[in-house]
Amino acid sequence: MRIAQISPLFESVPPAVYGGTERVVSYLTEELVRAGHDVTLFASGDSQTSARLVPMVEHSLRLDPDSIDQLAHHILMIERIRQVARSFDILHFHIDYLHIPMSRQLGVPQITTLHGRLDIKDLVPIYEEFTDMPVVSISNSQRTPLPHANWIETVYHGLPEHLLMPDPDPPGDYLVFVGRISPEKRVDRAVEIARRAGLPLRVAAKISQTDETYFRDQIAPLFEEPFVEYLGEVNDAEKGPLIAGAKALLFPIDWQEPFGLVMIEAMACGTPTIAWGEGSVSEVLTDGLTGFIVESVDEAVSAVERTSALSRARIRREFDRRFTAQRMASDYLSVYQRLLAHGAGRAAAHYGHHD
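49 is the number that my numbering gives to position 49 of the sequence shown; each next residue is one higher, with no gaps.
Careful, some of the hints might be misleading.
Listed next, with one range per pair, are the computed distances between beta-carbon atoms [claimed, not checked]:
#	residue 1	residue 2	range
1	E161	N235	11 to 21 Å
2	R306	E79	51 to 61 Å
3	G277	E224	46 to 56 Å
4	S282	A313	37 to 47 Å
5	T131	D173	48 to 58 Å
6	E58	L340	25 to 35 Å
7	R195	L340	28 to 38 Å
By construction, these hints were calculated from the structure, which means they are not laboratory data.
All C-beta atoms, glycine included, are put in the ideal place defined by N, C-alpha and C.
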């Protein structure tokens, strides 16, 4: 199958450090190539892939100090894709709704995976208008704000099987938070849980420009505590041992998380997760098996003790069963084949009508 994967240009594929969407695009692309498909990746020029790379910008935009209007590059990418669209069996977009007006005119088989939060009222009229544009959710809960969208499947994210592995040694006596420093990710709750559990907390997190004030005013003072170690952003080589060696991963979110990649990263390491039950959490975590779903700091502190009773080997087996990149690619291939068959069926009906 000739497949185009169209990535956002904010990060390279895969990202050097923090980055969710581009990381998933990388895992999917590599798995599709491994399965023998002819894959072309439209992404930033500093991406690394075994697919055919068509660079849309020289460097990923977030790390390019000269890039001010990042939307301009995405508009140009959409036009470049329009010019070559008919050379693919299917186009798979990961750039939200940007391409949808062009896609409607093209009439080429395509899907869009929506990776971000959708509980934004500005999005409602878009998906009410473009009900013919097929979209894939990354959790069932992600769909709730947009019931009119043309949802054709939920495909959970997956990781390469050997990317992150459990540590054969017993876990260390520390807690870990991995992600973004932002109000909805609630690293402040993580600090409070660690304080009350009497354990060190290691924080590996990105600070976006938009969250710098929040970090300076509300979080930086918490990081002065002697039991908190702030590591900045970490790469995959650093992330694996960090998560695998932890007593538990803390995921104390305060928003409708669309997926939460770090929960399956922890699962791959055999590390239990303690998470608030918002958004996708109850779809990804199995309470009492791969971690604990809680509703308060009190419950989270009590859960820290109970993580010792969970089997880390069992957590890893659950990852192997549900969240590998191979399973993700297989799910997407089923979606592609269904769309192509649907398109062929429509064409047959159309031509039959004119005979």
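Taking the hints in turn, this is what the structure says about them:
{"no.": "1", "hint": "E161 to N235: 11 to 21 Å", "verdict": "holds (19 Å)"}
{"no.": "2", "hint": "R306 to E79: 51 to 61 Å", "verdict": "holds (54 Å)"}
{"no.": "3", "hint": "G277 to E224: 46 to 56 Å", "verdict": "violated (31 Å)"}
{"no.": "4", "hint": "S282 to A313: 37 to 47 Å", "verdict": "violated (23 Å)"}
{"no.": "5", "hint": "T131 to D173: 48 to 58 Å", "verdict": "holds (53 Å)"}
{"no.": "6", "hint": "E58 to L340: 25 to 35 Å", "verdict": "holds (34 Å)"}
{"no.": "7", "hint": "R195 to L340: 28 to 38 Å", "verdict": "violated (55 Å)"}
Comparing the model with each numbered hint stated earlier shows that hints 3, 4 and 7 do not hold.
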